[in-house]
Structures are given as structure tokens and as C-alpha cells.
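S.K.: Guided by the hints, dock chain B onto chain A, whose structure is given.
Sequence order for the protein chains is A and B.
Those letters in the first sequence? Residues 1 to 376, per this note's numbering, in order.
Those letters in the second sequence? Residues 1001 to 1376, per this note's numbering, in order.
Hints may be right or wrong, so weigh each one.
What the hints assert, rightly or not - Taking lysine to any residue pairs in the SDA-like style, the calculated list, with each CA pair at most 25 Å apart, reads: (1) K75/A - D1301/B; (2) K13/A - D215/A; (3) K1299/B - P243/A; (4) K1329/B - G69/A; (5) K299/A - G1077/B; (6) K25/A - T4/A; (7) K1329/B - D119/A; (8) K2/A - P243/A; (9) K367/A - Q357/A; (10) K1041/B - N281/A; (11) K1329/B - D1301/B; (12) K182/A - D132/A; (13) K1041/B - H175/A; (14) K75/A - L1327/B; (15) K246/A - I72/A; (16) K1297/B - I72/A; (17) K297/A - S1116/B; (18) K75/A - S116/A; (19) K299/A - H1123/B; (20) K182/A - S1303/B.
What the hints assert, rightly or not - Where chain A lies over chain B, by a calculated footprint (3+ residues, C-beta under 8 Å): (21) 1011-1022; (22) 1026-1039; (23) 1066-1075; (24) 1132-1144; (25) 1308-1322.
No wet-lab data here; the hints were simulated from the structure.
For every residue, glycine included, the Cβ atom is placed at its ideal position computed from N, Cα and C.
Number of protein chains: 2
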Amino acid sequence: MKYTVSVTDTATKARVGEIMTDHGKIQTPVFMPVGTAGTVKAVHQRELTQDIGAEIILGNTYHLYLRPGLDILEKAGGLHGFNGWTGPILTDSGGYQVYSLSERRKITEEGVTFHSHIDGSTHTFTPEGVVDIQRSIGADIIMAFDECTPFPCEYTYAKESMDRTHRWLQRCCAHFDHTEGKYGYQQTLFPIVQGSVYPDLRSHSAETIAAAERDGNAIGGLAVGEPAEVMYEMTERVCDILPKNKPRYLMGVGTPANILEAIALGVDMFDCVMPTRNARNGMLFTTEGIINIRNEKWKEDFSSIDATLGGYVSTSYSRAYLRHLILSKEILGAQIASIQNLSLYLWLVRQAREHIQNGSFASWKEKMVRQLMIRL
Amino acid sequence: MKYTVSVTDTATKARVGEIMTDHGKIQTPVFMPVGTAGTVKAVHQRELTQDIGAEIILGNTYHLYLRPGLDILEKAGGLHGFNGWTGPILTDSGGYQVYSLSERRKITEEGVTFHSHIDGSTHTFTPEGVVDIQRSIGADIIMAFDECTPFPCEYTYAKESMDRTHRWLQRCCAHFDHTEGKYGYQQTLFPIVQGSVYPDLRSHSAETIAAAERDGNAIGGLAVGEPAEVMYEMTERVCDILPKNKPRYLMGVGTPANILEAIALGVDMFDCVMPTRNARNGMLFTTEGIINIRNEKWKEDFSSIDATLGGYVSTSYSRAYLRHLILSKEILGAQIASIQNLSLYLWLVRQAREHIQNGSFASWKEKMVRQLMIRL
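One chain only, chain A, in its complex shape:
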């Protein structure tokens, strides 16, 4: 994996760059649609490229490991062969899902034992194991095994957990460096900064993660309920420590405003279920602001969903029609809203890149942060 920064903003710490993978290039800042179980929910693969403009998607290790399972994925030639997505794929480490989805889980130095949310079966994820799993899934970017601490989190536990995550990282790196990809293309490993909302822990973690000298670095354990200001403070602190010549990935973030603020702090990569999950509930992100399409006020609004954004979905369907579909629990409602929201997110990072390139990012960001979060 090769990363090059082409432009750095002077007013903020934002930068434009490009990640080259064996499955193609990714222009940064980038938003990565989440394809939990091998599918970005309600979106065809061709829509990801043709309508949304996605350059990389996420897969979830926990979900894919449980279903369809590694045996099938390996026979399919990895997730690329299985779902037909030809661009780069990043997989999470499975840690976050283990903590949030499985019914009972037990963390030890060795790893995490948990019960499947599908059939209750018992499994263990270890740092070495999740590297193997992600090798089998065939991710271009593999995430190190970490513990994502909740918010709030006691200092003592945050430190204990962070130290364990750092020890796990050593095992991940050792195992990654002694194994090879299964499908003939390069894979790379990103370590993850933890440390909850404690500045000293975050700094220490960022230094530890930087010292691992991998191709890119991630910031985890944020956007878990802490105030946005705290998230930005931790992000800035960590970004200032992580090397400039490697992409920085802020995991699980966030709203359009969160993304713009984090870009200004030097973040290059984002993923979040918000655009797709909220879409299915009828919450739309548009260039004019946020729409709860279930509201009575859209009942007779026959204007297109988002004329400024453009594209088939945003201009061919009306707000009134989408409201009808969402209220009627029609699948097409989830389809339309998902494409609208993902298109908006990808438009947002494209616009950010342009404004960084022409030097107008700071003022544009201030305007957009307000505009995009208006409740219409």
C-alpha cells in the first residue's frame, strides 16, 4: 500500500492524498460505506460505483466470520470474489462487534471468547486469529485486534484495556509479518489508538501506535457517546502525534459535521453506519440539511429529494414518494434513502478535497457544518 499527500491545507490540518492498493486507488479524505455482512445494505454493487462514487467499502470480520464463514469466503476467492466488489476493502478486527453484539463475552490476555448472536455458538478471537480471518476475507486493509472501551470508562480500566490492546498489537504485527495473503495481492495492517477520553492515555497510545510503523494508523474508541468536543480534542491530540506521511482513519465517525471537523484535524479516512442505518429509518442527509422524511411536512412535497446533489435517486424520486415508501415499510424506501445518504457522504468528501486543493476549505467547512446539520 502506498500513500501520498498531494496538498496540505494552510488554515487547517486537512490534507488531500491518495492511497494506492492492488484493488485500485482511494482518494483521501474518503468515506467508506459499511458493508457489514458482505453487502452495503440495500445497495447494488454497481450503484456503489456508478451512483454513489464509493472507492472502498468495509466488511465486518465478526459478521463474515460467522456467516457465510471463512470456508465459503476462501473458496469464493475472498470477499471480492464472493460479493463482486472489485475495489479495495477494509475489514474491522471484529472487536467492536464482539463487545456490542454477542450475548456474553469474556476478555482475557489471550483474546475474547464470545457467543454468536446468530446461534449462540462459542468462539474465540485472538490477535493472531483475527489477522488470519482478515487474511481469509481478503481485506486490502486489515485492522489490528483491539478493545473499544465504552463511554464513560474509568481511567483505571481505560489504561488496563489500552495496555492490553498495545500488547495485542505486538502479537498482530508479529503474526501479520509471518503470514501471507491468500489471493496474490498485498494486504496491510493498521494499528488502532485507544485510551478513551484521557489525554495522557491517548498521547501514549498514539506514540505506541506510531512506533509500530505500519502503513496507516487508526483512531478507535471515539464516537461511542462522548461529547463531540471531547472527540475532536482527542482526535486532534492523536493526529498531531501520528506520522504525517501515513493515512489516519477515525473509526465509526460520524455525522457530516463530525467528518468535516475531523478532516480539519488531519483525518483521512472515515466509516460509519449512520448514512445507511438512518436511511432505513427515514432520516436523510441532503445538501440542504437533515430531513426526517416521516414528518407530515413532506407529505405533499413533490420536489426531488436533493436536486443539488444530483444523480438518479436524488433527482428522480420525490420527497412525498419516499415518505410514502418509508411509512409503508417498502424495501424501495430503504434503497432510495441509502443511496441518497451515501451519495451525500461521498459528495461531501469529494467537495472537501476540492476545497482543500483550492485553499477554501476552512471557510467552506464552517458554512457546511452549519448547513448540513440544519433540521429541515
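M.R.: Only chain B this time, still in chain A's reference frame:
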């Protein structure tokens, strides 16, 4: 509405024709995807034309009347304006849904009083009322208000019901002829033959319906549980009576084999929820036969869903991937399976037209009836 027959098969009663509406032409025999609540479930409008090749879709009067309601549909310029489908639309009369979906309903000479399955509110459908409703929806083809009798059905009730349906037809015709379309294009009214499985009732009803001298005629009350042979017997009897120079529409039919057999009896138009409903349950119609994609045997079948059928969905996704999506209850599974099944149905009628045109319909039909119903 103008209908012309271009070719009539010599070995069977199949024919190829064309219906011209103000929203474009329909080549017959045709299959009409069902768009119950203003959407063919899980399918974008552009996919209906570009991937599936649909030339006309159905809307359900009962559903659309209850939600979004006529007020919104009228303000949108009818269903075409509301959902963006630019081709012809046929709406059913609402009768079938009233009988099958509403919790309590009472049939009188005046019409049917029923309770909404959505909120329990009370409504009355009359022959005049459903013409008005379909005028408001903006259907190109409006169906007369009928009672679809269940199977089995006592002779006495079948006759009583049929006679009432005939009296309702007179009221429908009178009201239709004294009202006008609301959106500047022509609408037409199709009456419906009833009579359950009783040959004398079917003959009498077909004569009555033919005597109404409308632009096209429908056959209702079949495919409600009677043996296929009985359905074919009734269909043939009715087709032989209904005028040759008008399209014949067999309502709610059916499997690919049912459709081919009915084409051979002189039917020109079909609709059925089977391709889309079964798709969502993982039952696929393919050019090679029927696939229950949930079966273990497809688990590691990485071949495309239906290479012979062609098209994006049928060739870009594998059976193993679709199985994973359906088992995981992923929306994309319903999307892919729906497009596959509808594409197969539209391919089937296109193929039928070609074989009627080149004189090979009878032998091709025999082969396909067997092939398409094989359980793979």
C-alpha cells in the same frame, strides 16, 4: 386504447399483438409486474425498464386508496407523477384485496364496506367509487369492480356473486362513460369474467362481459386454489367466447408454466405477485428451472444466478452470494431475487412472442413448461 393482433399461431390459439396507450405501447403476450403500493417491491423504476424490460406495471387500488391516499396522488398528477413510472399502468379494482386483506367486510348490492388493514378505519367501495378512485390514480387501464369468489365455492353463491358482478359492471360502465380522466390522457375500462369453476356460469359471464364491448376483457376468479387443469378449462372456455380483436387478461396468473399454457389458449396479459413474493422468500425462477436458494446445495455454487438469462443481476452475483444474503435477511437479497424473477417472466413472454412469430410456439412451449418447472 388501440389493440392490434399481428400474428396468430396456427397450432395453438396464441397470438402476438400490441396495445397502444397514451403512455406507450405494450407488446402482447405481456407480463405486468405488480407494484402494490406504488412500487414494484425492491426494484427501482429504472431497473424495471433497463434490466427487466417491463412495459406496463400494476398498481393496487385498495393499497393506494388507503396509502398515500387519493388527495396526494391527485396533487402528484396521478400515480405516474407520484412514483415516476412513465409507462402504462393498470390498476385492479380493489375487490380482491378487500376480500383477502381487510379484517371484516360486508357485501351488499350497493358495494362492499370494509375495515382498513392499516388502521381499522371503515370504507365503502362501490362500482362507481372504484372507477373514480382509478381515475384519480390515473391508471391507463381501469378494472371493473367485481367479486372474486374463493375456491371452493358453492354453485348457488358463485351464480349469485357473478350476477351481482354483472350488475356492478353496468354501473361501472355507466359511470366510466360519464366521467373523464383527470390528467389529459385516455383511460379505458376492462370488465371481468367470473363464474368460479362452473362451465355454464363461465360461458354466461364471458358472453355478458363480451357484450359490454369494452377495449379489453379480463378473466378473474381463477388461480385461487383450483387445480391447474380446471383453470385451463375455464380459461379456454372463456377465451373462445371473448372477442378475438381485444386483449384478454388472465388476472393473478401464475407460474411460468401457467403463463405459457394460458398463452396457448389465447391469453394476452398476465400479472402475479409470485415472481416478487417468492423472490423475497428465496425461490428463484431461472431459465434452467426453479431454485430454492436457501438449500444447502447452493452454499458453494459460485456460478452466476442465471447465465442464460443474462443481464447485470443474473450474471454479476453468484448463487452462493445470493443464498448468503437471503439467509442473512439482507435487503440486497430481495433486490437481486426480485430482478432475477421478473427478468425471467419478461424474458418468457418475449420468447413466447418470438416463437409465435416464427411458428415454433407449440413445441417450444412443451419443452419450456417442463424445463422451467424442474426443481434444481
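S.K.: Now tell me, hint by hint, if it's right for this structure.
M.R.: Outcome of the hint check:
1. Taking the CA atoms of K75/A and D1301/B, the gap is about 10 Å. The hint holds against a cut of 25 Å.
2. Straight-line distance between C-alpha atoms of K13/A and D215/A comes to about 20 Å, which keeps the hinted pair within the 25 Å bound.
3. Using a Cα cut-off of 25 Å, the hinted pair K1299/B and P243/A is violated, with the two alpha carbons roughly 44 Å apart.
4. For the hint pairing K1329/B with G69/A, the CA-to-CA distance comes to about 16 Å; that is within 25 Å, so the pair holds.
5. Between the alpha carbons of K299/A and G1077/B the distance comes to roughly 14 Å, so the proposed pair stays at or under 25 Å and holds.
6. Our distance criterion of 25 Å between C-alpha atoms is met by K25/A and T4/A, whose separation comes to about 11 Å.
7. At roughly 15 Å between alpha-carbon atoms, K1329/B and D119/A fall within 25 Å of each other, so this suggested pair holds.
8. Taking the CA atoms of K2/A and P243/A, the gap is near 14 Å; set against the 25 Å cutoff, the hint holds.
9. Note on K367/A and Q357/A: the hinted pairing holds, with a Cα-Cα distance of about 17 Å set against a maximum of 25 Å.
10. Our distance criterion of 25 Å between C-alpha atoms is met by K1041/B and N281/A, whose separation comes to about 17 Å.
11. With a C-alpha separation of about 19 Å, the suggested pair K1329/B and D1301/B falls inside the 25 Å cut-off, and the hint holds.
12. Between the alpha carbons of K182/A and D132/A the distance comes to roughly 10 Å, so the proposed pair stays at or under 25 Å and holds.
13. Among the hinted pairs, K1041/B with H175/A is inconsistent with the structure: their alpha-carbon atoms are about 47 Å apart, more than 25 Å.
14. A hinted pair counts as satisfied when its Cα atoms are at most 25 Å apart, and K75/A with L1327/B qualifies at roughly 19 Å.
15. Distance restraint check for K246/A and I72/A: the Cα-Cα separation of roughly 34 Å exceeds the 25 Å cut-off, and the hinted pair is therefore not satisfied.
16. Annotation: proposed proximity of K1297/B to I72/A holds, straight-line Cα distance about 13 Å (limit 25 Å).
17. A threshold of 25 Å between alpha carbons decides the hint, and for K297/A with S1116/B the separation of about 24 Å falls inside it, so the pair holds.
18. Pair hint K75/A plus S116/A holds up; C-alpha atoms about 23 Å apart against a cutoff of 25 Å.
19. Between the alpha carbons of K299/A and H1123/B the distance comes to roughly 22 Å, so the proposed pair stays at or under 25 Å and holds.
20. For the hint linking K182/A to S1303/B, the alpha-carbon distance of about 21 Å falls within 25 Å, and the restraint holds.
21. Beta-carbon proximity to chain A at under 8 Å applies to 0 residues in the segment 1011-1022 of chain B; the threshold of 3 is not reached and the given coverage is violated.
22. Only residues whose beta carbon comes within less than 8 Å of a beta carbon in chain A count, and the segment 1026-1039 of chain B has 3; three or more means the coverage holds.
23. Restraint check on the segment 1066-1075 of chain B versus chain A: 4 residues with Cβ-Cβ distances below 8 Å, three needed, restraint holds.
24. Residue count for the segment 1132-1144 of chain B with a Cβ under 8 Å from a Cβ of chain A: 0. That is fewer than the three needed, and the coverage hint is violated.
25. Evaluation of the coverage hint for the segment 1308-1322 of chain B: fulfilled, as 7 residues show C-beta separations to chain A shorter than 8 Å, against a requirement of three.
Hint compliance for this structure: hints 3, 13, 15, 21, 24 are broken, all remaining hints hold.
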